[in-house]
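Residues per chain, in single letters:
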Amino acid sequence: MSPGGEDESGSDHVSSGDGGGGTAGPGGTGSGGGTATAVEDLRLEIPVERPRRIERFVALCFVVSVLATIGLAITYSLGGQNQAEGALLGVGLAGIGIGVAGWGKYLMPQGPFVEDRHELPTTEQDKRAFGASFSRGKVAVERRGFLGKLLGAAIGVFSIVGIFPFLRSLYNPRPGNALDFTQFRRGSRLVRIDGHPVTADDVEVGGVLTVFPEGHEGDAVSQTLLIRASSVPITTLPGRETWSPHGYLAYSKLCTHAGCPVSLYQQQVQQLLCPCHQSVFTILNGARPIFGPAPRLLPQLPIMENGDGFLRAQSDYQEPVGPGYWERNTSTTLNPPKKAAGQ
Amino acid sequence: MRNRLLLPAALVAFVVAVGLLSFAGSPTPARAQPSTAPTTTPGGAASTSTSVANPSTTSSTLPVPAALSSVGQPLFVNNCSSCHGLNAEGTNRGPNLVGLGAGTVDFWVSTGRMPLAYPGAQAVRKPVLFSRPQQLAIVSYVTSLGAGGPGIPAVNTQSASESNGNDVFGLNCAGCHVITGVGDALANSAFAPSLYQASPTQIAEAIRTGPGNMPRFGPGTLSDQEVNDVVRYVTYLQHPANPGGEGLGHVGPVTEGFLAIVVGLGVLILAAYWIGIRAGAST
Amino acid sequence: MIKRPTMKSRDEPRPSIEDRTIEGARWLDDRFGIARFGRTTLNKIFPDHWSFLLGEIAMYSFVILIITGIFLTLFFVPSTHEVIYNGSYVPLRGQRVSEAYQSTVDISLNVRAGMVMRQMHHWAADIFAAAVVVHLCRIFFTGAFRRPRELNYMIGLTMLIMVIINGFIGYSLPDDQISGAGLRIAFSIFLSLPIIGTWGAFLLWGGNFPGNGDIIPRFYSLHILIIPAVIAILLAAHLGIMWHQKHTDFPGKGKTNRTVVGSSFWPTYVAKTTGYFFIIFAGLALLGGLFQINPIWLYGSYQPFKVSYAVQPDWYMGWLDGALRIMPAWETQFASRYLISAPFYPAVLLPGLTFGILYAWPFIEARFTKENRMEHHLLDRPRDRPVRTGLGVGVLSFYVMLFLASSTDVLANTLKVSLNGVLWTFRIGTPTIPIVVGLATYQICKELSRAPSAGLRKRSAVVVRSTEGGYTTVPADIRPGDREGEPPPEALPEEAVGRGVGVGTGGREEPGEEEVGVAPVRSDATAVKPPRRFSGLLRPWHGPASGG
Chain L
1 MSPGGEDESG SDHVSSGDGG GGTAGPGGTG SGGGTATAVE DLRLEIPVER PRRIERFVAL
61 CFVVSVLATI GLAITYSLGG QNQAEGALLG VGLAGIGIGV AGWGKYLMPQ GPFVEDRHEL
121 PTTEQDKRAF GASFSRGKVA VERRGFLGKL LGAAIGVFSI VGIFPFLRSL YNPRPGNALD
181 FTQFRRGSRL VRIDGHPVTA DDVEVGGVLT VFPEGHEGDA VSQTLLIRAS SVPITTLPGR
241 ETWSPHGYLA YSKLCTHAGC PVSLYQQQVQ QLLCPCHQSV FTILNGARPI FGPAPRLLPQ
301 LPIMENGDGF LRAQSDYQEP VGPGYWERNT STTLNPPKKA AGQ
Chain X
344 MRNRLLLPAA LVAFVVAVGL LSFAGSPTPA RAQPSTAPTT TPGGAASTST SVANPSTTSS
404 TLPVPAALSS VGQPLFVNNC SSCHGLNAEG TNRGPNLVGL GAGTVDFWVS TGRMPLAYPG
464 AQAVRKPVLF SRPQQLAIVS YVTSLGAGGP GIPAVNTQSA SESNGNDVFG LNCAGCHVIT
524 GVGDALANSA FAPSLYQASP TQIAEAIRTG PGNMPRFGPG TLSDQEVNDV VRYVTYLQHP
584 ANPGGEGLGH VGPVTEGFLA IVVGLGVLIL AAYWIGIRAG AST
Chain W
627 MIKRPTMKSR DEPRPSIEDR TIEGARWLDD RFGIARFGRT TLNKIFPDHW SFLLGEIAMY
687 SFVILIITGI FLTLFFVPST HEVIYNGSYV PLRGQRVSEA YQSTVDISLN VRAGMVMRQM
747 HHWAADIFAA AVVVHLCRIF FTGAFRRPRE LNYMIGLTML IMVIINGFIG YSLPDDQISG
807 AGLRIAFSIF LSLPIIGTWG AFLLWGGNFP GNGDIIPRFY SLHILIIPAV IAILLAAHLG
867 IMWHQKHTDF PGKGKTNRTV VGSSFWPTYV AKTTGYFFII FAGLALLGGL FQINPIWLYG
927 SYQPFKVSYA VQPDWYMGWL DGALRIMPAW ETQFASRYLI SAPFYPAVLL PGLTFGILYA
987 WPFIEARFTK ENRMEHHLLD RPRDRPVRTG LGVGVLSFYV MLFLASSTDV LANTLKVSLN
1047 GVLWTFRIGT PTIPIVVGLA TYQICKELSR APSAGLRKRS AVVVRSTEGG YTTVPADIRP
1107 GDREGEPPPE ALPEEAVGRG VGVGTGGREE PGEEEVGVAP VRSDATAVKP PRRFSGLLRP
1167 WHGPASGG
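Protein chains in written order, with the numbering used here: chain L, 1 to 343; chain X, 344 to 626; chain W, 627 to 1174.
These are computed hints drawn from the structure, not numbers from a lab.
Be aware that one or more of the hints could be misleading.
Stated by the list, open to error - 35 angstroms max Cα-Cα, derived DSBU-like pairs, lysine-lysine:
no.	chain 1	residue 1	chain 2	residue 2
1	W	K872	W	K1072
2	X	K469	W	K1042
3	L	K127	W	K872
4	W	K996	L	K127
5	W	K670	L	K127
6	W	K881	W	K996
7	W	K881	W	K670
8	L	K127	W	K881
What the hints assert, rightly or not - Computed footprint of chain L on chain W; a stretch qualifies when at least three of its residues, placed anywhere within it, have a C-beta under 8 angstroms from a C-beta of chain L:
no.	region
9	663-677
10	732-743
11	812-818
12	829-841
13	892-899
14	930-937
Given the structure is predicted, the values throughout are model-derived calculations rather than measurements.
Here a beta-carbon is modelled for each residue, glycine too, at the ideal position from N, C-alpha and C.
Full structure from sequences and hints, please.
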C-alpha cells in the first residue's frame, strides 16, 4: 500500500489516455491506511493482467468515435450522402459502444458479488394487518350498501356511454349491403383506368386489360379483369352462354380469399394466379380455384356487345365479389342482386 | 486549469462550426410541392388506338430485309426444323411458326431461348447462338413463309416518359414481373423471368407478342407510346438508383428480413456474447 | 445525520467531481431521501450471462425507434389526399400520389439525413421484433417464466403483440404499393371475424376498402402515440418487476435459489449496458446507411387495382402470411345464413391460439409439474427439461415453417422449382416436421442430461517438453472465464462501497508492464507450478506497489 499516491484529481480525469499522469504511480481514490482489508478483496480487482493495453484500446475507440462523428458532421454539412452518413454514424457509435463496454468489461471489478434475494411474500403478520385495514374500510362501505350499488351503476353507465363516441362517431358508412354489389349496372360500358371505353377489337386473343364501369375508374371494388381467351364466345358454366361475346371473359379482380388483385394471367394454360397467396383459377370454366387457399370461384361479369363495338356489362356481378364476410349467405350467392335486376 | 478547458472548448467550437457550415452550404434540395392542379391522366395516350381495326399494320415496326431469307433458310433447317418442321409448319414437338410475325421469332431467337435446350421446360434466356445478321436472316426466312403477326417494334425511348412507363408497368407488368422487374415464380413451374437482361427491342417484342404464358398487349391495349414508356422505365429498372445502399436483390422483405434476423441480430448477439461473458486473463 | 451543504464554506479551491456528486445527491436527498434507494441501486448485483442481454437489444431498439421516429414525424404527412408528384424522383413525376407517400419519398430522397433515419427506423423495427422473439425463447427454454415471474412474462408477451401490430401499422403508413396490398389483406382478415367483422372493418377504414382515407391518419396516431405509449408503460412495468424480483441466474458454483451472484450495477454493469446501447445503435446505423430497405420510391403510391408480385410483409408478420398461403380452402357456412370465411382460420384463430397458449403456458406447466409451490430463481438448463424443450422446439419449428412458407414464390423462383411443389412441401411439412423435430429434441435432451459434462467447456491441457526431451501433459492454468478459479462470491464489501472504489479508476494504478511476466501464459512450460489462486492472474486493485 502506498498511501502517498493519493491524487484526488485522478478520479475526474476520465479520459484514460495513455499519455498523461496515469503512469505517475499507484494512486487511488480511497484514502490509504486502514482500508487494507477491503481493497485487497480479489473481487474488487480488475480481471485483466495488462490493463494498459485495454486502456489504449478504449482510448483508440473513443478517438475513432470522435473522428468518425466529426466526419459525419462534415459529410452532413456538405449536403449528406446516405452511405457515408450511415457508415460514419455507425463507426462513431460503435467507437463509444465498444469503448465503454470494453472499459466496463476489462477495467472494472466483476466480482463475483453476491446479494441475498429478499423474501417476496410479506410476513403473515403483514398480511393480517392488511386484511384488517381492508375490512375496516369495507365495513364503512358496506354500511352504505345502496350507495355502493348506486356508485356501481353510475360508473357502469358512464363506462358504456363513454364508448359511444368511439363507435358511433366512427360509424359513418354503415356496411349495409355495400359488400354485396359493385358499381356495374346493366349497360355500363367497360372502360380503362384512363376512362376510355373498350371496344371488341381492342384486345387480341391472349391479351388482358383491367377495366372498370364507366364513371368509376379506379374503383377498388369494381375492378375487373377483361381477358380475351378466344375469338369466339366461351361458355364457362351452364347458364353463362351469352356472357362472353367475342371470347371476352370478365372476372372480378378481387381474390375470393383475401381480396388481392388477381391479375397474373398465364395465357398458355389459361390460368389466373393470385400474387398474394398463390391461389390458381382456371378461367375457361368459371375461374374455379384449382390450387391454393381461395375457397370460391372468381365472380364472372356478364358482358355484351350491342353492335356499336363497345363492351358493356349485362348486369352487376351476380354474387358479392372479393373475400368472404360474416353476413355473406348462400342466398346472396344464388339470387341475382335486386339492384342489378331492377335496372 | 484554464489549459484543461482549452482542448474541449476547441473541440466543441470546431464541431459547432461544422454544424453552422451546413446552413451556409447549399440549401436543402427542393422538395415536392403539393399541387392539386389537374394533369393528363396516366395512360392518356392510349386514346389514339381505341378503335384500330388491324393492329399489326399501324404499330411502327422495323423492316426485315427480305433478301436475307435465303441466308436464313439453311440456318432454320439446321437449328429449328427438327421441332418446327422444314417449312415452319410445326410438328408435335414444336408449334407452327407461319404467320406469328417477325417480332415473335426475333424475340425467341435473339434472347437465346430458341433453340430450346430442354424440350418441355419453360425456355430460359441463354447465350445466343447466332450473330445479329443471322438472327435477322432466320426472322426473314420465317416471315417469308407467311405474312401476319406483329413485326419487330421500332423502339424509340427518346421522347418516352419514365413516369408514365412506371404507371403502365405497375398496372400491367408488375403483377408477374414484380414492381422491381426481378421476376418471380408462377403456377406449375412457369415463371416470369427477370427483366434485367432484356434489351429495349426484346422488351417491346415481349409486350407485343406475349411469349409463352405472358399475355399479349396489342396496340389496342397499349399504344406505341406506352410501349416506349414501359421500355424506358424497364431500362431504368435494370440499373435503378439505389440511394439507400445495397439493393438486396430488389425482392422486398424476404431478403430484408433475412438480413435483419441473421446478420443484424446475429452480430448484436455476438456483441452480447462478448459483453456478457466474464473477462478472462487471456486478454 | 444529514448535514447541510457546506461546500462553499470550505476552503478547498476546487471540489472534485466526487464531492460535487455527493453535494448534488445531498441536495436531492434533503428533498426526496434518495440515498438509501440510490445506494441499493448502485450495489445491485446483476448476473453475468450473455443471454441476459437479449432483452436489452429489444429495449434499446425501442429507444432508437423513438429517436428516429421523432425525426420522421417532423416530415411525414399522414394523409391520403391525392397530389401530383413533382419532386426530385423522375420516374414518379406527374403521377397522382397520396401525401403520405409523397412525404415518405421526400424524407427518403430530399430531406437531409432523412434516408438514413428512415432506414434505421425500419431496420430497428425488424430487429426489435426479432430480439423480442429471441428473448422470449430464452425465457421459455430456461423456465424463467415460472413463479414468481408469470405476470412479467405475460407483460412481455403483450409487448410482443404490440410490437407486431405497431410494426405492421408502421409498414402501412407510407401508403406504397406493397404495404397497400398488406392493408387489403388486413381488411379481409377483419371481414372474416365472426359477427363483428364487417362492422369492425367498416368502422376502422371508414367504408369498404380502401375506405374514405381515414385509415392512414388513424394508423398514424396509433403508431406514434398510442401503441408506443402502451409499450413504454409495459416496458417500465417489465423492468420494474424485474428489478424488484431480481434477475434469474443459471445454476453454477456458488449459485443458490436465495442469492444473486454477479457484478455490481455500478460501475460495471452500467458501463456494459451503456456500451451495448451504443453498439446496437451503431449496428442499426450501419444497416440503415449501407443496406436499402423498403425502397418505396420504386414501389409507387398505392392504387387498389395495381399489384406487384413478391408481396411479402415484414418478417414478423411472415408466419401469418405463410399460414394464409398454405391453409386449405376452408370456409364454413352456418345455416346458409352466415359465413366464416377463409382467412379466419389462419389469420384469426391461429394467432389467437398461439398467444392464448403462450399466455397460459406458465399455468399449464405448473399444473403438470406442481412446481409453483416454491419460487424459482435458478434457471433450467434446457436439456434438463426434455418435455418442455422438445415441445418448445417443435412448436418453434412449426412457426419457422409458417414463416418460410410466406416466401414460397421467392423460394420457388430462386431454387428454380415448381411453385406448386414448394407449396405442397410446406403443406405437408408444416404439420409433420415439428413432430419430428420435437421428438428428436426430446431425445437429444434426454441423452445430454445423462452426460453431465456434455457441452461444458473443458479445462485445456498443456503438453510440456522437458529438457530431456520427454513430454508430460499438465492441466492448463485456470482462467477466470472458466469460473473454476474465481473466488467464491461474497457480498460487496461495505468499506469499499462506501468509498466508491471502482468508480472509473480501473487500471490506473497498475505500476507498469515490467511485471507482466509473472502472469503465466498458457504455453509457458512453468505451468507445473501449483495451481495459483485467481489472484495470481490479476493486477490487484491497489496493487502491491512494486516500485514503491
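Hints versus structure:
A C-alpha spacing of about 31 angstroms is found between K872/W and K1072/W, which places the hinted pair at or below 35 angstroms, so the restraint holds. The suggested pairing of K469/X with K1042/W holds, with an alpha-carbon distance near 15 angstroms, which does not exceed 35 angstroms. For the hint pairing K127/L with K872/W, the CA-to-CA distance comes to about 22 angstroms; that is within 35 angstroms, so the pair holds. Taking the CA atoms of K996/W and K127/L, the gap is about 25 angstroms. The hint holds against a cut of 35 angstroms.
Taken as a hint, the K670/W and K127/L pair is honoured in the structure, with Cα atoms around 27 angstroms apart against an allowance of 35 angstroms. Of the pairs offered as hints, the one joining K881/W and K996/W holds, with about 23 angstroms between alpha carbons and a cut-off of 35 angstroms not exceeded. Distance hint between K881/W and K670/W is fulfilled; the C-alpha atoms sit about 16 angstroms from each other, no more than 35 angstroms. Restraint check for K127/L and K881/W: the C-alpha separation of about 30 angstroms stays at or below 35 angstroms, so the hint holds.
Only residues whose C-beta sits within less than 8 angstroms of a C-beta in chain L count toward coverage, and the region 663-677 of chain W has 4 of them, enough to reach three; the restraint holds. Proximity of the region 732-743 of chain W to chain L, defined as three or more residues with a beta carbon under 8 angstroms from a beta carbon of that chain, is established by the 4 residues found. Closer than 8 angstroms: that is the beta-carbon criterion, and the region 812-818 of chain W has 5 residues meeting it against chain L, so the requirement of 3 holds. Chain L is given as covering the region 829-841 of chain W, and this holds because 8 residues of the stretch bring a CB closer than 8 angstroms to a CB of that chain, at least three being needed.
Counting residues of the region 892-899 of chain W whose CB falls under 8 angstroms from any CB of chain L gives 6; the rule of at least 3 is met. Counting residues of the region 930-937 of chain W whose beta carbon lies closer than 8 angstroms to any beta carbon of chain L gives 8, which meets the minimum of three for the stated coverage.
Comparing the model with each earlier hint shows no violations; every hint is respected.
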